[in-house]
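Chains as they are written, first to last, in our numbering: chain A, 1 to 309; chain B, 1 to 227.
Keep in mind the hints are simulated off the structure, nothing from the lab. Check each hint, because a few of them may be wrong.
Under the rule of at most 20 Å between Cα atoms (straight-line distance), these lysine to any residue pairs were calculated in the SDA-like manner [claimed, not checked]: (1) B:LYS46 <-> A:ILE215; (2) B:LYS46 <-> A:GLY66; (3) B:LYS197 <-> B:ASN187; (4) A:LYS306 <-> B:GLU52; (5) B:LYS53 <-> A:ASN225; (6) B:LYS197 <-> B:GLY212; (7) B:LYS117 <-> A:MET218; (8) B:LYS53 <-> A:ASP85; (9) B:LYS46 <-> B:LEU23.
Facing chain B, according to a computed beta carbon distance under 10 Å, are these residues of chain A, among others [as the list claims (entries may be wrong)]: (10) SER18; (11) GLU20; (12) ILE27; (13) ARG28; (14) PHE30; (15) ILE50; (16) PHE54; (17) ILE58; (18) ASN60; (19) THR213; (20) ASP214; (21) ALA223; (22) ASN225.
Since this is a predicted model, take the numbers as computed values, not measurements. Just so it is clear, CB atoms sit at the ideal spot from N, CA and C, and this is done for glycine as well.
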Amino acid sequence: MAGAWSATSNWGCTMFSSIEFFIIEAIRSFRRSPLMNFVAIATITVSLAIFGVFLLLIINMGNVVGNVSSRLDLAAYTQKDLSLDDAAAIQIRLSKIPGVEKVVYISKAEAWKKLKDDFGEKLSLDLIINDNPLPHTFTIQVRNPDLLSDVAKQVAKVEAVDEVRYSGKLINQMKSLVSAVRVGGISLIVLLSLATLLIVVNTIRLTVIARETDIYIMKLVGATNNFVKWPFIIEGILIGVIGGVSSAFILKFSYEAVAARMMVALPFLPIITDFGLLTLIYILVVIGGTALGMLGGYISVSKVLKNEA
Amino acid sequence: MIELINVSKSYPNGIGALYNINLHIGKEEFVFLVGSSGAGKTTLLKLLYREEKPNEGKVVVDRVNIAELDLTQVPYLRRNIGVVFQDFKLLSRMTVYENVAFALRVTGAPRSTIRRKAMQALELVGMLRRVNAFPDELSGGEKQRVCIARAIVNNPPILLADEPTGNLDPSTTWDILQLLDKINKRNTTVVIATHNKNIVDEMKKRVVELDGGRLVRDQQLGMYHVQ
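Okay, chain A solo, but in the shape it has when bound (with noise of 0.2 Å):
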């Protein structure tokens, strides 16, 4: 390679002083098929959305979860006659059970006395029960709901325990709907994805192939592939970040309406409302719809300029 011709690029020169031929050419091209741009942009907003509900599902599931089993605690009962020695004794040895936060003790007596003050003067248990038939009841606390069943393990073999309970399968049941919600969720995100890069390709495929004899010419007179790629791979990002734009505030104003919604019908669920969280989101919306058509526009024109000169 030593003749006079074979100039290496200058390429920090060539972008500078291209870019706003790269702009002004995507723009031009955009206009030019307004229908066919309204669909892929339509077709990314859709997407985008669901994938922006799936996500504020998961997110808020997971809180939901979260939220029960931090609130969840164990309880072991016994119905052994214990001495208030007895019952403190028991209680130092729960406490000193691995991932144990707090013990709190309930004597039979006490447990009963509760029981007759809820039910008041409605209606006098002692008149259908003479004997007392609670048993003593310690309320134990764990650091990490990760732990419960473990600790529940330790605590069962305490001699004087005789039953313990929690509520672990709850736990579980709401775990596994998670992870289901988040591999269905996942899964339509990536066909959904998949579908609308299609479309973004195809859209621009189109103003490729009717610009193929400008492409051909661009080349002729000594355009590199790059050059000739930009303006169609900008035209894809402004497909895509209309799209992204449109489906975060579509998301943001249905978010905000059920969210409201739902404090007031069930006002036990914690909605996550962090302002900061949800416009990540939705940020990462408006950056997924610029990846999708930037891919869009690379993909469309690479496969027309792959075997040229």
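Keeping the supplied structure of chain A fixed, place chain B upon it in accordance with the hints.
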């Protein structure tokens, strides 16, 4: 400047286009490539700007065998070879100025340089008055002038023209020929493929004749037909 050594070219459909061509064209020469339609003139030119690759032989342009040129280097070759086409090949969505500027834009030239050089080239071909017109608004002769301006705007050492007057009337043909001669005198090697007998006979330049893909004549100060 240009050298073809034992070059043969056939197309994938089996039709032969060129057979064992040996040709040397020196710096700043003015050469007419003549022969009837299908003689291989266009194929020979296409080999020079690497739109086609030979099946055999070497195509040397400025000391480089472009038959083996890497695809990524082809754009840089083309920036140094101006090509004028019979059908002009102007970008219809761009104005006259933008068409000429485009050949500079692809090189990454700064904006001020693009403007200055494009205007100089348009002045040389006499098209300054029509810079904002679109190709569809121009006559054949005007389109060819724009095409020539685009071909020379990078100051290439070589200018190739494939039937540059094929679509033009006689008086316009003469204007374009004068222009190409002027460009040749500005130290540019010019190769013109044509089957226009009148211009070849009038200009009295070197004549290379192809017949059925074979080089049958190479004559200084030649005429279209053997005298």
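Legend entry - Restraint outcome when THR213 (chain A) is required to lie within 10 Å of chain B by C-beta distance: Given a least distance of 8 Å, the restraint on THR213 (chain A) holds.
Inset, instruction - For the hint on PHE54 (chain A), just tell me whether its beta-carbon gets within less than 10 Å of chain B. - result: violated (42 Å)
Legend entry - 20 Å Cα cutoff - pair LYS53 (chain B), ASN225 (chain A): holds (19 Å)
Inset, instruction - Report holds or violated for the interface hint on ASP214 (chain A), using the least CB-CB distance to chain B and a cut-off of 10 Å. - result: holds (6 Å)
Inset, instruction - Decide if the proposed pair is consistent with the structure: LYS46 (chain B) and ILE215 (chain A), CA atoms, cutoff 20 Å inclusive. - result: Holds, at roughly 17 Å.
Legend entry - When the least beta-carbon distance from ILE27 (chain A) to chain B is tested against 10 Å, hint result: violated (13 Å)
Inset, instruction - Could you grab the alpha-carbon distance between LYS46 (chain B) and GLY66 (chain A) and see if it respects the 20 Å cut-off? - result: violated (71 Å)
Legend entry - Hint validity - ASN60 (chain A) Cβ closer than 10 Å to any chain B Cβ: This interface hint is violated because 50 Å lies over the 10 Å limit.
Inset, instruction - Hold the hint about ILE58 (chain A) up to the distance rule: shortest CB distance to chain B must be less than 10 Å. - result: At 45 Å from the nearest chain B Cβ, ILE58 (chain A) fails the 10 Å test, so the hint is violated.
Inset, instruction - Would you check the hint for LYS306 (chain A) and GLU52 (chain B), treating anything up to 20 Å between C-alpha atoms as holding? - result: The given pair, whose Cα atoms are some 16 Å apart, holds under the 20 Å limit.
Inset, instruction - Decide if the proposed pair is consistent with the structure: LYS53 (chain B) and ASP85 (chain A), CA atoms, cutoff 20 Å inclusive. - result: Violated: LYS53 (chain B) and ASP85 (chain A) sit about 101 Å apart, past 20 Å.
Inset, instruction - Let me know if the C-beta of ARG28 (chain A) comes in closer than 10 Å to any C-beta of chain B, holds or violated. - result: Hint on ARG28 (chain A): holds, closest Cβ of chain B at ~7 Å, below 10 Å.
Checked against the numbered hints above, the structure violates hints 2, 3, 8, 12, 14, 15, 16, 17, 18; every other hint is satisfied.
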